[in-house]
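S.K.: Protein chains in written order, with this note's numbering: chain A, 1 to 364; chain B, 1 to 364; chain C, 1 to 364; chain D, 1 to 364.
Because the hints were derived from the structure by calculation, they are not lab data.
Some hints could be false.
[Said to hold, decoys possible] Every beta carbon over 12 Å from chain A, so not counted as near; a handful from chain C, in silico:
(1) S80
(2) P137
(3) Q176
(4) N356
(5) E363
[Unchecked claim] Think about it this way: if two alpha-carbon atoms lie no more than 30 Å apart in a straight line, the pair counts; the simulated DSS-like pairs of lysine-lysine are:
(6) C:K239 to A:K331
(7) D:K331 to A:K358
(8) D:K236 to D:K207
(9) D:K236 to C:K91
(10) C:K207 to A:K331
(11) A:K91 to B:K358
(12) A:K331 to A:K358
(13) A:K207 to A:K236
(14) B:K207 to D:K91
(15) B:K207 to B:K227
(16) D:K331 to C:K331
(17) A:K175 to A:K224
(18) B:K175 to D:K358
(19) B:K358 to B:K331
(20) C:K331 to A:K358
(21) B:K331 to D:K239
(22) D:K239 to D:K227
(23) B:K358 to D:K331
(24) A:K207 to A:K224
(25) D:K207 to B:K207
(26) A:K207 to C:K358
(27) B:K224 to B:K207
(28) A:K207 to C:K239
(29) C:K207 to C:K239
(30) C:K358 to B:K331
None of the values given here were measured: they were computed from a predicted structure.
From the three backbone atoms N, C-alpha and C, an ideal C-beta is built for every residue, glycine too.
Number of protein chains: 4
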Amino acid sequence: MQRVAAGRDVATAPLRRAFPCPSRRAAERHPRQHLGPVHVAKAPISSPTASNGAHSAPAPAASTSSRDSASDVAASSALSANLLLICPDQKGVIAAVSQLLYGFGCNIVASDQFTDSSSSMFFQRITFDFSEIVIGPGNTAVLERAIAELANRFNMKWKIAYKNKVKRMAVLVSKQDHCLYDLLIRHRSGELRCEIPFIISNHPDLKHIADTFGVPFVHLPLDKNNKEAQEEALEKLIKEENIDVVILARYMQIFTQGFCERHWEHTINIHHSFLPAFEGARPYHRAHERGVKIIGATAHFATAELDAGPIIDQAVARITHRDNVEDMIRKGRDLERMVLARAVRWHLDDRVMVYNNKTVVFED
Amino acid sequence: MQRVAAGRDVATAPLRRAFPCPSRRAAERHPRQHLGPVHVAKAPISSPTASNGAHSAPAPAASTSSRDSASDVAASSALSANLLLICPDQKGVIAAVSQLLYGFGCNIVASDQFTDSSSSMFFQRITFDFSEIVIGPGNTAVLERAIAELANRFNMKWKIAYKNKVKRMAVLVSKQDHCLYDLLIRHRSGELRCEIPFIISNHPDLKHIADTFGVPFVHLPLDKNNKEAQEEALEKLIKEENIDVVILARYMQIFTQGFCERHWEHTINIHHSFLPAFEGARPYHRAHERGVKIIGATAHFATAELDAGPIIDQAVARITHRDNVEDMIRKGRDLERMVLARAVRWHLDDRVMVYNNKTVVFED
Amino acid sequence: MQRVAAGRDVATAPLRRAFPCPSRRAAERHPRQHLGPVHVAKAPISSPTASNGAHSAPAPAASTSSRDSASDVAASSALSANLLLICPDQKGVIAAVSQLLYGFGCNIVASDQFTDSSSSMFFQRITFDFSEIVIGPGNTAVLERAIAELANRFNMKWKIAYKNKVKRMAVLVSKQDHCLYDLLIRHRSGELRCEIPFIISNHPDLKHIADTFGVPFVHLPLDKNNKEAQEEALEKLIKEENIDVVILARYMQIFTQGFCERHWEHTINIHHSFLPAFEGARPYHRAHERGVKIIGATAHFATAELDAGPIIDQAVARITHRDNVEDMIRKGRDLERMVLARAVRWHLDDRVMVYNNKTVVFED
Amino acid sequence: MQRVAAGRDVATAPLRRAFPCPSRRAAERHPRQHLGPVHVAKAPISSPTASNGAHSAPAPAASTSSRDSASDVAASSALSANLLLICPDQKGVIAAVSQLLYGFGCNIVASDQFTDSSSSMFFQRITFDFSEIVIGPGNTAVLERAIAELANRFNMKWKIAYKNKVKRMAVLVSKQDHCLYDLLIRHRSGELRCEIPFIISNHPDLKHIADTFGVPFVHLPLDKNNKEAQEEALEKLIKEENIDVVILARYMQIFTQGFCERHWEHTINIHHSFLPAFEGARPYHRAHERGVKIIGATAHFATAELDAGPIIDQAVARITHRDNVEDMIRKGRDLERMVLARAVRWHLDDRVMVYNNKTVVFED
């Protein structure tokens, strides 16, 4: 999580942040960085030292979900939030955090923690219900201020995600449809808690699927000469539409280093091999040539180094000598959509933390 | 785990405890109830010095381990403990417990929790280091008293297991050797943190394995006429040797209801099917006859109802029409030893809690 | 597969066949027995023109496929066929069959065989290319006659399935959409080699999905009073539309015994448990109550006895105490659609043979 | 398997051979290389007594097995054999081979075949019973001559392995005991059909295990200066003891290129990663550093290029962020022994064929 971060520029808000945004310097380096899972609290933070965590006020509207089932969930969980925190391991953290929440009248619904012994870092994810918060449910800014103070004391990076603030997810595709179908069907069934404001593709082929599910389809053609312009158009869309998460559902294009550095924390790619085996192009062909007895798929954050980002989830399937490349591609499709869906679900539910190019995943 | 733990009435009740408390003092106090399951006392807790949790003092000797590797572990974890607790879900439990430990100068090394929404029960397992406990490491009785008071307040059942108090495990076998070999090899490698004071069998066949690993072998022959006497001899051994855990490593015999009721919480059986399919005898034969495409194995607590105890772990393997019963038996052996070893490991490490005939397993 | 295949007595017997023979001629000959299960004729085969195997002439048209990708496959495999056979194990069968095909100029592309030692029955599936058949590709009747004679000699039951005769598959659904979506997407991708002339449901809820994929949707409402009439309507559709395969994609209704007896060999159901555990209703609820650590799904032929038909495939997934019934239902959906798709694919590709209420599955 | 195949020199050669036993020319080049890989003879076969297939006469003695259970199996299968063949795909092969066996009065008990469409090569494994062979069971030389002629016609490489000729397997270990234990226990249980004349190690640590199982232990110490001498001693042992199979059960040493070239076809190594990920040293450490979510193990033939030989089998297990390197090592042990045992079993049962650095594995 050494790259996790980003400061903020109070004067120049809108205050959009990458996940935890700890250092002022980082903020200065990317003053326009906009892609946060988190939207800014409406109340101005008065002091630059106040919080080193990203946060957002509960969404004012009852539901911003694009679907009934999701908005039902949103309603039922309207007054709960996920608190993520990372800090050096030390005595008293758990006591302090749980005491703070208890003191505010919050109820801890779920809690997962992990201490990485090699780095002596402590990770925690707390889901709490603040419907009976003593200062009034609308007054989460006070709670956040208290958390910020505590975080300061423990050298803690943190973020808070209110469950009624449904994340906005853009899905990027190319010509293959299986991951797209899968995400849309799961979204429709309520498995994925997010809005999908649009699907983006460098090819027009899958527009009919977007139409079927009533999702706008944006065609951003790509050729040798327009790569930068296309990426800019994409980035503009992400900004204007307040996109929190970008899913590369077999998008098959490589972004510029700059794009990756700005967006990797919110960008999940599905690679069709069990990384680190068969990084790069044509993994099934190479797996066939090597004669492996298992194939796999890997969901990972799309950092600038190709297929080397933090791994969120992997799955494999047995194959035999009878499976030719086409069979592997067919069997792999099931792995890809399964693994991608799991990673997306966990990320949307604030279950994935990154540190040292590895993930801590508090599975559901 | 509805029977786990207990208030107790020192004056009147036989002290039945969730877990054995094998210190000499404890053994002297309760010579005949060493390993019994715990029944919840209905009576109110009358004395502040009475704990409603089961507990044991840290073992006085540095190591009671039978093997070097294990004793090394014992040494390194000499001053840590696992605290298990169950109570109705309510605000403030986590804060109170973590605050209490922090107040004593203990460091929470690991913590897992779970709230069962259907029963509104809260389960927690906390591993804490008390090497810097403010009252002095030898003074855990004070800590336990504090926990007992807190438990009283939250209507909590609890137990504490000190890591330097290595559990004593009896392995019961019949004629099949694969699970026995597996447990002994894992024990030797340090995977299983326990002592194995003896192996018990109704047949003499596996004595050579016990000899190889230097473990005493007790032959308790069984025939139609001596079932009760044999079980009494077994129970006597368990008591006299302060056995904490009984493993039925393909023992293939059914205990009396009384024995099960007294010992089920500490007795783990491996059944060679994916329960509840194929309960009872000859599961592989019946699986073959039914034409299933997967076979399985199940580790469970051995309650009085055959193969119906709380399931700790299960595993399965794919089979095809080519697998006859002998193949299934062969492939099943790998499942049986893997699943049994996992269940034993988790149980020895205080990761398994029982409630409503189901387990909460905080996996490692 | 004791009922598969059949001698037949053209003069007297109702012609019941292992597999549909949907050429126009065949249909005219046997207008009322299109899809019935086959009962073994006890009578000796009296005429050389009578086959004791079920068969179908290669389809005259180049392609009857509903989709391009599938029809491409159809074209490329237009002159190949699958030959399935079952007979008592005996010397010389493989030599005789392979010699016969070689003698006709056919090339064996793939061959799988299995001898069940308990019943001493021999099963074989041969895929052969007859593009260079010495008697001319259109003249398969002569080939079939030769096979019939050989089958007579070895007391063999057999059927032949020409690859350019694409099977017609009806999908029955109720309100749950995941299996339907999955089958339609796989069909569109070319994974499932069949036509889907219509989707049938007792509820109108999923019509929009059928519309999306351009498949006719037939609503056959069902209530307490019209069960028989509804089943008759269904059976009429199956006959009139020359349906070869019926898929119960979470149809959730139980057919009459008569329907099952007539159709079980072509009717695949997906049950949401690892049978034989949790047969019948609400398996996830019962699995949750029992506290299992794995859940599963089973695809099987829908015989008259509920959830007791021959199992084609099964899959399982690990769960933990954290998974409530809703989580199990969600995770189970992935199992259900995966297992059902595999079973359907294998069945469409003539890879599944039934004997003694068990299946022999020659997996791809 | 392009190098499989061989003539033989009836007059001079010791008739115990590992799988391929080379053409006369090859034999002349390496007269003392009992277990060398086979080079395809370029010259046409000139004499009916020269076969281009490797073979061995049935062992004269009833049983050479070191254990009762294995010898029982040997007795029951005394008159059966596995025939392996590879040739360019062409019409009539199956017919010709099955007709030949039938003509001799042999009964095909099992048969597996595979056509690799990319190389147009045909692979087959036939298990046949020759107890009723028309020329008398002791007269297999005649049968082999007939096979050799047929092989010549189809440009076929072949070998025959008589089941009563139990293979002799050397196990090489270093300091880790889990794979050694596992192989010995499986051998004792009858799972592995072979003799184990000795265990070889560069360290004395595991001698006690060899003693326990009554297997001679040969200590061949290894240091920087004696590598070649040690390998020569090893090779001498292999020759003198007529070793057919060499198992590297976590031997952890790299052989010279010459040794690998001579022995790779009979030498199986277990590597503790899912190859091709993490080839070479310390794979678990690198897997931990990379943050993978699955770990694996791979059994492969030990060719000269490190960890790049043909893969026989692989298996994986899920891990999480909680698993440190020690946990991965512990969990990996179960994978390693499982995968190695499977590969050894299949190899001993003549189920593994090699072609283009990949394996065709006819699984049981």
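S.K.: Now tell me if each hint is right for this structure.
M.R.: Here is how each hint holds up against the structure:
1. Every CB of chain A lies more than 12 Å from the CB of C:S80, the least distance being 17 Å, so the non-interface label holds.
2. With a minimum CB-CB distance of about 26 Å to chain A, C:P137 clears the 12 Å threshold, and the non-interface call stands.
3. Not every beta carbon of chain A lies more than 12 Å from that of C:Q176, the smallest distance being close to 9 Å; the non-interface claim is violated.
4. Every CB of chain A is more than 12 Å from the CB of C:N356 (nearest about 27 Å), matching its label as outside the interface.
5. Not every CB of chain A lies more than 12 Å from the CB of C:E363, the least distance being 8 Å, so the non-interface label is violated.
6. With a CA separation close to 34 Å, the supplied pair C:K239 and A:K331 exceeds the 30 Å bound.
7. Among the hinted pairs, D:K331 with A:K358 is consistent with the structure: their alpha-carbon atoms are about 20 Å apart, no more than 30 Å.
8. Note on D:K236 and D:K207: the hinted pairing holds, with a Cα-Cα distance of about 21 Å set against a maximum of 30 Å.
9. Only pairs whose Cα atoms come within 30 Å are accepted, and D:K236 paired with C:K91 is rejected, the gap being roughly 45 Å.
10. Proximity of C:K207 to A:K331 is assessed by CA-CA distance (about 29 Å); at most 30 Å being required, the pair is judged to hold.
11. At most 30 Å may separate the alpha-carbon atoms for a hinted pair to count; A:K91 and B:K358 exceed this at roughly 33 Å.
12. The suggested pairing of A:K331 with A:K358 holds, with an alpha-carbon distance near 27 Å, which does not exceed 30 Å.
13. Restraint check for A:K207 and A:K236: satisfied, since their Cα atoms lie roughly 21 Å apart, inside the 30 Å limit.
14. Restraint check for B:K207 and D:K91: not satisfied, since their Cα atoms lie roughly 59 Å apart, outside the 30 Å limit.
15. Between B:K207 and B:K227, the direct Cα distance comes to roughly 21 Å. Compliance with the 30 Å bound is thereby established for this hinted pair.
16. At most 30 Å may separate the alpha-carbon atoms for a hinted pair to count; D:K331 and C:K331 meet this at roughly 25 Å.
17. The hinted pair formed by A:K175 and A:K224 meets the criterion: a straight-line CA distance of about 18 Å does not exceed 30 Å.
18. Taking the CA atoms of B:K175 and D:K358, the gap is near 41 Å; set against the 30 Å cutoff, the hint is violated.
19. With a C-alpha separation of about 27 Å, the suggested pairing of B:K358 with B:K331 holds against the 30 Å cut-off.
20. At roughly 26 Å between alpha-carbon atoms, C:K331 and A:K358 fall within 30 Å of each other, so this suggested pair holds.
21. In summary, the hint linking B:K331 to D:K239 is not supported, as the alpha carbons are separated by about 34 Å, beyond the 30 Å threshold.
22. Taken as a hint, the D:K239 and D:K227 pair is honoured in the structure, with Cα atoms around 18 Å apart against an allowance of 30 Å.
23. For the hint pairing B:K358 with D:K331, the CA-to-CA distance comes to about 26 Å; that is within 30 Å, so the pair holds.
24. For the suggested pair A:K207 and A:K224, the alpha carbons sit about 23 Å apart, so the restraint of at most 30 Å is met.
25. For a cut-off of 30 Å, the pair hint linking D:K207 to B:K207 stands: about 21 Å separates their Cα positions.
26. Straight-line distance between C-alpha atoms of A:K207 and C:K358 comes to about 45 Å, which puts the hinted pair past the 30 Å bound.
27. About 23 Å separates the Cα atoms of B:K224 and B:K207, which keeps this hinted pair within 30 Å; it holds.
28. Of the supplied pair hints, the one linking A:K207 and C:K239 is violated, its CA atoms being roughly 37 Å apart against a limit of 30 Å.
29. Using a Cα cut-off of 30 Å, the hinted pair C:K207 and C:K239 holds, with the two alpha carbons roughly 22 Å apart.
30. The suggested pairing of C:K358 with B:K331 holds, with an alpha-carbon distance near 20 Å, which does not exceed 30 Å.
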